Every structure is written in C-alpha cells, then in structure tokens.
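> Sequence:
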Amino acid sequence: MRFSQLFAPTLKETPKEAEVTSHQLMIRAGMIRQVASGIYDLLPLGLKVIRKFEAIVREELNKTGAQEVLMPSLVPAELWKESGRWDAYGKELLRVKDRMDRDYCYGPTHEEVITELVRASVRSYKQLPINLYQIQTKVRDEIRPRFGLMRSREFTMKDAYSFHATTDSLDATYQDMFNAYHRIFKRCGLTASAVSADSGAIGGSESAEFMVNAETGEDAILVCGACHHAANVEAAAISTPIFSGSESNAVMTNVETPNCPTIANVAAFLNKEESDTLKSLVLVNGKTATLVLLRGDHELNEPKLRKVLSAPDLRFATDDEIRELGLFKGYIGPQNLPLELPIICDQSVNPNADYIAGANTINAHTTGVVPNRDIPTFKVADIRNAKSGDVCGQCNAGEYDEQRGIEVGHIFKLGTKYSEAMNAVFLDQNGSSKPIIMGCYGIGVGRSVAAAIEQNHDEKGIVWPIPLAPFIVDVIVANPKESDHLGVGESIYKTLVDNNIDSILDDREGSIGFKFKDAELIGFPIQVVVGKGFKESGDLELRIRKSGEALAVKPKALLDTIRNLIDNN
RNA sequence: CGGGGUGUAGCGCAGCCUGGUUAGCGCACCUGUUUUGGGAACAGGGGGCCGGAAGUUCGAAUCUUCUCACCCCGACCA
1109 MRFSQLFAPT LKETPKEAEV TSHQLMIRAG MIRQVASGIY DLLPLGLKVI RKFEAIVREE
1169 LNKTGAQEVL MPSLVPAELW KESGRWDAYG KELLRVKDRM DRDYCYGPTH EEVITELVRA
1229 SVRSYKQLPI NLYQIQTKVR DEIRPRFGLM RSREFTMKDA YSFHATTDSL DATYQDMFNA
1289 YHRIFKRCGL TASAVSADSG AIGGSESAEF MVNAETGEDA ILVCGACHHA ANVEAAAIST
1349 PIFSGSESNA VMTNVETPNC PTIANVAAFL NKEESDTLKS LVLVNGKTAT LVLLRGDHEL
1409 NEPKLRKVLS APDLRFATDD EIRELGLFKG YIGPQNLPLE LPIICDQSVN PNADYIAGAN
1469 TINAHTTGVV PNRDIPTFKV ADIRNAKSGD VCGQCNAGEY DEQRGIEVGH IFKLGTKYSE
1529 AMNAVFLDQN GSSKPIIMGC YGIGVGRSVA AAIEQNHDEK GIVWPIPLAP FIVDVIVANP
1589 KESDHLGVGE SIYKTLVDNN IDSILDDREG SIGFKFKDAE LIGFPIQVVV GKGFKESGDL
1649 ELRIRKSGEA LAVKPKALLD TIRNLIDNN
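Remember, the working numbering sits 1108 above the position in the first sequence when you count from 1.
If you are wondering where the hints come from, they were derived from the structure by calculation, not from laboratory data. Among the hints, a few may not be true.
[Unchecked claim] Here are the simulated EDC-like pairs of lysine to aspartate or glutamate, each with C-alpha atoms no more than 20 Å apart in a straight line:
| hint | residue 1 | residue 2 |
| --- | --- | --- |
| 1 | K1156 | E1168 |
| 2 | K1589 | D1566 |
| 3 | K1662 | E1644 |
| 4 | K1640 | E1657 |
| 5 | K1205 | E1262 |
Nothing here was measured: the structure is a model prediction, and the numbers come from that model.
Please model the entire structure based on the sequences and the hints provided.
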C-alpha cells in the first residue's frame, strides 16, 4: 500500500464528540467515522485492525475444536417468543416488521438461533459435544451508546455456543474457552483478567468476564488483596460481618429535618456521619413491594437483591407507588410503617446499634432506631455493592481494592435454560430424552480493539501491539524528489512485502515532520526512514514507535533487524 | 427515559447578549513558485440554505415557538 493512495483522513484536531482516548484516536487516525449515534463506518485502517483481531480469535478458537458458522442478523420473532425473551429482553431488542407485517428482530445475541439449529440436527449423545461460533454483526438498541466502538448499537461480536450431554463436558469446554480467551488477549498485547460476574439477561449459573484494566472502563472490579479473587461489583460477595456489643439503649426520638430528602442532607443537618443513618428504599417485583434497608453510606446491588428475593423483575417503586404505601419519599423509615411491608436489611447494618431513619412523616427523621428492637421482623442478606476496604466474601480475610475495567469478553455456563424452553433434547446412553446442556462465550471485537488502544497509546497517538497493527512497517521516504530515494523506498517496501511483513510506503510529497506525525498518530510499530542518513552514509533509520528509539541500519541488515524486532515482540 | 449541554465550510472555533454591508478566523483543500529531519513559506483561489420549520420585523446566524440531531452524567451490556 502506498500512503499517497490510502484512504485514511487523519485529523490534527480532536473532534469534540469524542471524549475517551481510544475514540479520539480512532477518529483522528482515520480508522472510523460516525454515521449516527452508536453507528460507525470502518475505514481501511480500522477494518484492517479488526480483521487482524478476528484472525487471532479464529485461530485460537479453531485450535479448541470450535467450528465457525454464520447465522443471520435478522431473526424471526417466533424463536424469541419460544425462549420467552421476546417479552423479557426489553427495548434493547431492535424489532422490525416485514412487508407481511411479520415480526422480526435484529439479533443482539444468538442463543435462540443456534439452539434451533442444533435441536434440528442433534439426536444422540454421540453427536455431542459440539462448539459452534460466529463472528457477526450484532444490533442492540443501547440506551446510551458511547465512547465510539466501545459501546455502539451495531457492533461485531464473536459468539460461541457449546452443547453437551453432561455437566463435566460443559466444564471442560468452559475451561478450554477460558484458556483460549486468555491466549487471545495475551497475543494481542492486552492485559486482561477474568473476574466473576453476574450473568444478567443471558442467564445461567456460572459466568466470568474478561476485563481489560483501564481508567476509563465502565465497570468496577473488586480485587481481593489476600486471595486475589476478582469480581465485577455486581457479583462481588462481601464477608458477613460479626457484630459484638450489647443493644443500644437509645430512645427513639422524632426530629424536624426540613428539606432533607437525601442521606447527605440529613447527615449534614444533624451533624452525623452518613454511616449513622439508614437508607430505606422501596423496590417492587410484580405486585409485591419490599422495604430495603442499607447503611446510609452504602449502595444497593440490584443483582444481589434479585437473587436473594428470587425476583427477576425487581425495580424501584415509582413515586406514586410510594405514596400509595402511605410513605414519603426521602423520609421513609422501617419503624412504625403505616402499612405492613416485608423488610430486607443489608448485613452491614449492625442490628444492635442505633441509627437515624426517616420518620414516615414529611420533613422529619427518627433518631435512636435500633433494628433488633424497633423493627418487627426483617431478613438479613448481602445486598450492597462492595467497595474498596470491604472484606472479601471468598476468603473472609483480605480487603477488596476497587479498579476500573473494560469488559471485552464474557463466558457463561448456561445449563438448560434455552434447551428446555426450546425443547432441544438428545437421547443419552440409556435411551432417555434429556435437554442439552449449553455454554456460551462472547468477545466484543470492536471493543477489544478500542481497549487495545486504551492500553497502548501515548501523547502522540496509538502504539499498536504488532499483532494488531494495521501495517507493521511504515517505509518513509523523507524527500521523494531526492535523487533515488523513492526508488530505494520502493525496493525496501517490496522486500518487506515479499517476506510477508505487512508494510506501507509513505511516498507522499511534503515535509518529514508531517509524515512522522501521521506515522505516530496511526501507530505503526516500526518506521524505516530513507532520508538524511541514507544520503550521507547509506544508512537507513529504523524507528521504534513504542520505545521511541531510532537506530541506523545498513540496507542489507534491514530485513533481519526487522524480523528480530517482530519475533522478540 | 430523567438531568445537563452543543449545533455557523471537511475539522476546531468567533460572531448571537444589544437584529442592519458581501458571515469571519485557524487548520485542511485547489493553482503556481520556492522548499524538504518534526504538521514549510509566499502569492492567488474554491467552498456556507448559520441543523430544520414556523413566527416577530422594513430587515433574522442573532429575538420567539416548535422540531431534529449529536455529546456528557445515570439505569443496560460484548
């Protein structure tokens, strides 16, 4: 490729719609271009990087025995109705109608389609296990797309689905995929770690997320300092605290707290810590309202609460619903409730200590509320978000440290959720019919590439790891008008390409600085300059993007030097 | 969906409050000349329905109303 022919509109200035580094750099380097919110063109350089990432994914998955398929993006509603997700998945599922008014959706994930495929063809345990994957465009009508390819509405995902006769077999494939994921991210120069996760809308028992550490990551991860257990904040279990000491003998007293609807207001007004207060929330599942108690400085973890209450459709009560319960938003307390409500209390609340809670009248709070004494009955559970300093629920010894991460992959043990709903069964050795046991495994392709940039950049631009670089070597002819310099550049370029080193020739007119800036912005790992050095002593200059080093190399030694650099990467 | 913000040339912005020449600047682009080791210099040039619609006015980028798009903070997730 000649740079003079390359369609890569690079920008000096950062477009204002981009806030995070990877997004800014992808736009500036001419890799992507926005078409609409969360919808992008991939330009030649961007597509090339994506393709390189996909090739690595394919290679590693094929090694595990997984086979590539390609399913449609457009999926008939019937399949989603069969699994129950047509109603359950919500607005993120982009639904369309065809000319006959039939319902379809754009697949945000493909459990239904693959289960249909497998149930139609698999009859016997002898045909299992199988693991099928695709690299395909997904559509999710995201509430809020952002950060370029990091969270877009149309994106490329590698999704794999495995089918098994036994849970042992599922465990083995899950482990294979776990290992393959580690290899994939490592090969791409990404530092990713697996963390325990909530399985969310996909469902299933066990799941792990692959997280790339990044300041700008959207996910909070907690890592135990002792046992190194790592978990998404949604899944991080907190050790059950043990409270000693006798019951407080504080007396319940109502105090006026005008215009103090938040914990922060109340604590400041009464000159107390937020941890001295009780946060009372009303959550609704179906028609059942539940009062949830947390220490004022803690945050509710909805996934945990959903599990504890076995309430998948749990949501916050609306203002109207709160009023119907005779409560005042901002002034709710668990004591003296006007109407009886089931109460669940976070385990970090000391049942014998006294707290400040809402007084269940407007503009008043009650001090001296002792849960064990003043609340009729309540259930205790771990229902809050862990934060730095909390004790790890795995080892009950170490403290959690909170880090930020980008979720680039997620693997799940699905079990029989889809096979049962869609009647995907096989005959076992005894001739009895059983639902197929499933696993599923996703990698966000564009997101992984964006994460690679988040981890590999400097003030000048992208610093591509060699396996992902759109071109590995950029041969820069400093001045194409200089006697034979262009010819020399061309022959170097040809040699590199003939030796399967993906290269580009910068044959453009213009000053050297201009070419360096582009090379650094786009992030070619190696630049070879035919310029001053060549004119004076016949030396080429080899510049390494990552270290910033520049070394003089004789033309004869160039190919070997570059090979070494690539091999020792 | 709730809260906050922005729309003026390909990109970044000024002008708007206080309506009044031909809407301006930097970068990018085109032509020519001179340049060529850190985004070259000079000269000349092209490019705008000022997001859209309606209104107020003799007159609207500027005021009013409505609308659309995009961005940021939250719930969602690869």
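> Taking each numbered hint in turn, which are not upheld by the structure, reported in ascending numerical order?
Violated: hint 2 alone.
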